[in-house]
Amino acid sequence: MRKLFTNRMYVLFALLGALLIFFVAWPLLRTVTSSDPTIIWETLLEAEVRSAILLTLYSSALATVVAFFFGVPLAYLLARADFPGKRLIEGIVDVPIVVPHSAAGIALLMVFGRRSLLGRAFGLIGLKFVSAAPGIVIAMLFVSLSFLVDSAREGFEAVNPRLERVARTLGASPWQTFWRVSFPLAWRSILSGMILMWARGLSEFGAVVILAYHPMIAPVLLYERFESYGLDYARPVATLIILICLMTFVALRLIAQEDRA
Amino acid sequence: MRKLFTNRMYVLFALLGALLIFFVAWPLLRTVTSSDPTIIWETLLEAEVRSAILLTLYSSALATVVAFFFGVPLAYLLARADFPGKRLIEGIVDVPIVVPHSAAGIALLMVFGRRSLLGRAFGLIGLKFVSAAPGIVIAMLFVSLSFLVDSAREGFEAVNPRLERVARTLGASPWQTFWRVSFPLAWRSILSGMILMWARGLSEFGAVVILAYHPMIAPVLLYERFESYGLDYARPVATLIILICLMTFVALRLIAQEDRA
Amino acid sequence: MKSSGAVQIRDLWVDLREFHLREIDLDIAAGEYFVVLGPTGAGKTGLLETIAGLYQPQRGRVLLDGEEITHLRPERRGIGFVYQAYALFPHLNVAENIAFGLNIQRPSGLGKLIRRKSAQENEVDIAEQVDEVSRMLAIDHLLHRSPKTLSGGEQQRVALARALVIKPRVLLLDEPLSALDPETRESLQRELARVHRQLGTTTLHVTHDFEEAVALGDRIAVVNQGRIVQVGTPEDIFRRPASEFVARFVGVRNIFAGAIAEETDENGTGAKTFIFEASKTVEDQALKMAVVTDLTGAVQASIRPEDIILSREPIHSSARNCFRGHVMEIADRGTLIYVTVNAPPDFTCVITRRSREEMRLREGAAVHLAFKASAVHIF
Amino acid sequence: MKSSGAVQIRDLWVDLREFHLREIDLDIAAGEYFVVLGPTGAGKTGLLETIAGLYQPQRGRVLLDGEEITHLRPERRGIGFVYQAYALFPHLNVAENIAFGLNIQRPSGLGKLIRRKSAQENEVDIAEQVDEVSRMLAIDHLLHRSPKTLSGGEQQRVALARALVIKPRVLLLDEPLSALDPETRESLQRELARVHRQLGTTTLHVTHDFEEAVALGDRIAVVNQGRIVQVGTPEDIFRRPASEFVARFVGVRNIFAGAIAEETDENGTGAKTFIFEASKTVEDQALKMAVVTDLTGAVQASIRPEDIILSREPIHSSARNCFRGHVMEIADRGTLIYVTVNAPPDFTCVITRRSREEMRLREGAAVHLAFKASAVHIF
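Chains as they are written, first to last, in this note's numbering: chain A, 1 to 261; chain B, 262 to 522; chain C, 523 to 901; chain D, 902 to 1280.
Do not take every clue at face value.
Taking CB as the label site, the calculated pair distances span [stated by the list, open to error]: (1) B:Asn421 with A:Arg115: 39 to 49 Å; (2) C:Glu589 with A:Gly126: 41 to 51 Å; (3) B:Ala512 with A:Lys86: 15 to 25 Å; (4) D:Glu1264 with B:Leu273: 25 to 35 Å; (5) A:Pro84 with C:Glu589: 28 to 38 Å.
Hints were generated in silico from the structure; no laboratory data involved. All residues carry an ideal CB built from backbone N, CA and C; glycine is no exception.
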């Protein structure tokens, strides 16, 4: 293919594409490079920043674990079974991608709010969502579960059903077939879905800001500082967050890459 | 396959999955159904709401058009060409999905802000980004272009390169080959990427709220009302936004479905 | 290591999107090598999957050694399955693939902890069984390789070993040779025959390749569009196809429509004659040939190309049917050469390359054809 | 509609991830039907794509009618290409697929608006050409169908029509019959021969199927691992393979290592004898056979299975080589039966089903073999 390259169309396409890449890369690079490392270090030492970042990482991880338990079985069913309403279920799984996150926050508040049925039920066992860590987890789960379910479903779809059938004829029950054949073969896709979901959870702002402004997660802290003190105070926090996200993203890419090889 | 179903594992999986589906569907349904239709109608008649919704639709459409011109050529190159740094470019295209949107807003502000180089350059031709419609377009473009590029790339990858080679032997130049073979065959994927990008642009909140709080787009308006007047005033706006997003989403699904058939 | 069961299938109907089976009745004896032959898309794979319990039939029963297994779960049937495209577990190495079925049957988890010693013994036992079957199939040097590094033939041997190691009562082979190149196909075909001789496992082998079916099958069932159209020994199917479909499928080229007439010759013995339908227009010259049959009326006749003797000189032989004609077409197939001779009906004969050179056969040449009355199959 | 060019390839080297070509030199005469034969993965498709200009060679030149086209863009070469898997444009119907090359050459956009009338004439002209080529290939009833509703054979005809309608100087066919079922393959093979007779377009056909190569090719080049190992007429390749690889690839089964010795018989005429290497251990009984060759020293000998006459009785014939042996194995291939006879070296012979029955051949039976000295190919 290499030689097909030397034509003018490819050059034009490369120019157009380069502008888009530049548009994505420059603001991020600029933010990261224009911050003084010592200021970033100092920012990292602030208790408020540290606890916000830790809360973000932890809440997103918790949301991912919850999604793993409920989402992987769902993904398997969507990949293997044929049932009425399957299209609808697939649609519902992807809805959170297109619902504005502030609207998602309102919707969650209506169901999990203090005065709602569920809110009161959970209140009895001492679990409250509004302005509390569980609310953050709920918000992150809502907006990012699609990524895990879709990725796991693709992973299961890539497993040849004949492998499962052969396993059955070799004496494996459905349960053994799932754990010894389907799950190990889909594992990379599931893992990359989990990392993507976690990264997407970290970056959530709109739904969390409505459901649980406090305790503050990093994106909310960033917004707070920007609103209260302006760009210069928000920048070190932004840099920190971008760096953390880029690192997880690189890890994700490396896993996906190994998968291809 | 249907009969494989009647095993206990599938029943367990279906129960777990149903909980997740319920978690997504219930808040949205609850929000939509608990609003009085007359109130929604009245809300729609408010000039502020209408102009916010129109601004949202329009800005997102504009961002999609910009991404079409720059992103489709990029997608074609990523699908067909092999070049050093291709992995890096692919990574950069997907970065906006994982960068927190409030941090993305800060990054864009640094590059397109009033005091920045680009901001001043554009200012000379009367184009300003901060607290202005172009800023909204820029923010939406940044956070949602990945969807269009990825979808278009998958579309081009699904086109057998031999079709392009045959077209070349039949006398078509690279340019004719692209327009008569590659583009028409990838068109459905491109279109579904455009709709997804547009829907994703509509739902953007974090980056826009930092770059251009005013003029208000619908998700910002929703947040503003929630902050100022509380849940009950925000709910009709949330309902409206969710309905609009669901409609575009159903359209997207229908197109993807036709694609499969 | 002997273990084989008889399979009976009674009035089986299966309806699925990809295939439909209708009124399937089969009796496969214990230890038999039974081949199901049919074109692609005839539902052959579906038949095997139904026997293995992977699909439930709409109607009908499957019996193994007289015991009904129609609704038994696949993992309880003890039926080995080998797919056309190998279907090896890509995340396990060759030894682990082969041991899969044995490991499943081993107590796991808690049971393993409690009976630790017996579990160890078990592992040694499994390793021995894997060794034995892989030596038998000459793949013992591949045990630590990953399946994707193997050639097609090696992969299919592993798949076979994996199915055999659980000592199935029945072995189901779904086009096991179709994905292989001709040379490997031939050697694995010989292997299948040897393994069957050695173990005597009842084998149900599905294929679309007639030569494969003839080479391996004790008996053959021909299926078309989800129905069984003929069951018999290879010789039966080859010599006495029950329908035009079977005849064409097994490579009979000379199929003629016509009618049977009885004639009495000078010695007073009755003989049957086949009158070609195509020749009816030329009343006075009705083309006919001597045949041996019990049928009467409108029938079809077929003659296998290799049963026709082709010669440049008039043929004086015991063959009852002699025709004179012109070579219409010579189709060179490498080792074999197909010659179409217009007598007026077109007969296709097959000769070797050497015969062609010796006869100096060219298109348009006048030739003589001869074949025995018994070589004509009437159906 | 005659249009054909001579292709010359000079010292072509191509290196790509999937294949490598080395030192390719070919001279294809105008109007010739040239077949490139080789195993899968030998770089045959890459060779065609390089000739079409879709890959650039690392070294070497491609000439069309003496004019260098090595660096010409593919759309300027006037070379038709047909891929194995048809590669029809799925978004166009059959007529649009065929007309694709003609539409491309038509002025479009602004040019079309200015010369509106001539564009209309042009369209009529295109429709006529599409009609003509589709009648020739018997696909004129399919013109309004979508490619995906067609059978494999129909799709390949459309692909052929699409390549032919631009009146290419050279037609490149990349395994055009491999994706088809045997029956369709045979009919399309006949079609290819007819179209070539009718149009006389220089054709370069790539295949891994020896029978296909023999049936179609004026000349054949055998490639292996990116190199050309032999070029010649089908008869050359079949009778006188240049290497063991070629011999095996074209289906020669009896290949023996040994040496040539010269002997003088009672009449004083010198004759050459081939001494089997395998027999050297039994000094006094060195197994040998009469051969016709110019070679001396260590050589290899091959005999085609169908050149060996098999009989239960001793054979008294003009054949110079007679052996006695036992039947080791009988491999039934439907129409043909391969018999392995141990003489002591193992000879494989091929007989028809009828001969087998007449001879009542069983494994272990004593048989006699005979073949001419000229049937032994020494290389």
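If you check each hint against the structure, which ones fail?
1, 2, 4
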